[in-house]
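Protein chains: 2
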Amino acid sequence: MRKIGKNSIEFENVFLRATSTVAGPKESKGPLGKYFDVHFNDSHCGQENWEQAEIKMQQMAIDLVLEKAGLNMKNIDAMVGGDLNNQLAITNYALRAYDAPYLGVFAACSTCTESLIVASNLIDAGYGENVVTITSSHNSTSERQFRYPTEYGGQKPNSMTSTTTGAGSCIVSRVPSSIKIIRATLGKIVDPELSDSQDMGRTMAPAAASTLVTHLQDFNITTDEYDLILTGDLSKYGSDIFEKIVNNVGIMRTDNFNDAGLMLYDIEKQHVFAGGSGCGCVTLVTLSYVINALRIGIYHKVLIIATGALMNPIMVAQNETIPAIAHAIALERSFE
Amino acid sequence: MRKIGKNSIEFENVFLRATSTVAGPKESKGPLGKYFDVHFNDSHCGQENWEQAEIKMQQMAIDLVLEKAGLNMKNIDAMVGGDLNNQLAITNYALRAYDAPYLGVFAACSTCTESLIVASNLIDAGYGENVVTITSSHNSTSERQFRYPTEYGGQKPNSMTSTTTGAGSCIVSRVPSSIKIIRATLGKIVDPELSDSQDMGRTMAPAAASTLVTHLQDFNITTDEYDLILTGDLSKYGSDIFEKIVNNVGIMRTDNFNDAGLMLYDIEKQHVFAGGSGCGCVTLVTLSYVINALRIGIYHKVLIIATGALMNPIMVAQNETIPAIAHAIALERSFE
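Protein chains in written order, with the working numbering: chain A, 1 to 336; chain B, 1 to 336.
Think of the hints as simulated: they come from the structure by calculation, not from any bench. What you were told as hints is all true, and nothing was included just to trick you.
Copies of one chain are not kept apart here, so a pair can be met inside one copy or by any two copies together.
Below are the BS3-like pairs computed for lysine-lysine, each with C-alpha atoms no more than 25 Å apart in a straight line: (1) Lys3 with Lys74; (2) Lys74 with Lys56; (3) Lys236 with Lys29; (4) Lys34 with Lys56; (5) Lys6 with Lys68; (6) Lys74 with Lys6; (7) Lys301 with Lys6; (8) Lys269 with Lys156.
Because the structure is a prediction, the values reported are computed rather than measured.
Isolated chain A, as found in the complex (with noise of 0.2 Å):
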């Protein structure tokens, strides 16, 4: 690997080996629900709380991953992961069960890519050859931790976006397959000083600009480069902004944008308000309905812009803003 230009990798020998999904009821019955592994009818799937269920998704998609890449864990050198829980308590209880290192990383709902930015730093420089990456998120473990007890049934407005329940894993690999982790953005801290905990795409959306800008100037490229960019979760008012600040800065090619929180879910329909997002959205879409576009050759190479919101209750109530981050990775379809 080699860094380019400001903020920039190009990776040399990176490929996403295998990638898995697990998703919740609601993610199950959207427009992607075909190309999910897993599907579960109910958000306890099966255990005594919420916390459980979200260890239960985790564990599943680290175990389908690494059946589907035909691995076990003798064959994984790190693991690298997060989720939205505070200390990363999810994350951190699953992986007891796995006998392997582990790198526990926080970028809210951009754990996502920054997990899979360290992975492929781990494999390109030569640390070993499989690092497993894992990310989730579930409504309820973060509807009570961000917001208000679900029992209390507080009213949201529509700005609000709605947590996805799912969790996905992928096998990052020096050994060649279909898919080929080529770039990296890393992210700097964007704070646009909105202070609003229920309006998360709009805090977002100048750091996903300032990624895609420091993307494009990196490589010297043009949004014409991806047959996809994928911001996750920027939602329907997020995606407005976002598209009106990256045109402002004279980028005008935006047919080839969308965003994860608005595909996951039918957003006229299903009850999200603002579309989905957390951890487990920019999560599921990208490692089902993006990745196997990719490997049917409907897209050849598409950038993932994962944004997270870094709100903390505690700093919102002392009257501060809220800082966001997003960190990109561009895949590749490729011909081992």
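Add chain B to chain A, keeping to what the hints say.
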């Protein structure tokens, strides 16, 4: 860099170009007080609340490490760091002030060494020249978040540790300097099935032992290899158990062991119960006293095993036990 053995890395060209430490009042009055760069007499550090105080400590540490190295942010290729606050809030807010990409990592008190490992990976793999790491903890932000409101004045058992108020920053660089980062061993989750959140030292001891044993096996060395094997932070009770565990697996020489939580305070006189803890503890001890001893030749090679109890109050309330992790790095005096 290359992978060694099961979970370890040998770095080629990674140096600690500069380090800085900012200490709270109790830490400044402790036995290592004279080694810190900045001392605060009160834990508010002139700010309105404890979160802002911890943010200020991080920013002072970063500004100082840049100054010591004669660098400015244009020379910095990335920042890696974290803290104990939910969502890494302190680091997220502190880094708003710096124009560089940022990877947030979390491993509780082991965040210090995880940051150094991720930064060393970036540097040794060819991503730029200088990466800043930043880690901190603050007694009062931690007490409120993990335990009880400070005003409540809850009584504590002797097994309790006291969270350190302090921050430290490093410049990890490919430019040769007097201290080299030579090795790392990535930790895995170890859960000794304890659930007492007021006895973290004993919870973390098996994780520290697991990482030490793996490190020695991976590099085919004994504890004689190092002038100091520093754990951080097992405290009095945790250190006892740690020594017993490693004795049981045949590691007999332990007179070169010490624990950051026992070194930072006078535990007889300073009311810290079983010793210090928190990201800031192993950070302050390593980046001041240990670095100084390497620079002046008291030590030639040291191993830092930072240990994290991955305690989440919700999981403990649900009757879960507390998993732990320990990431290690080895530092060597180098003659540029």
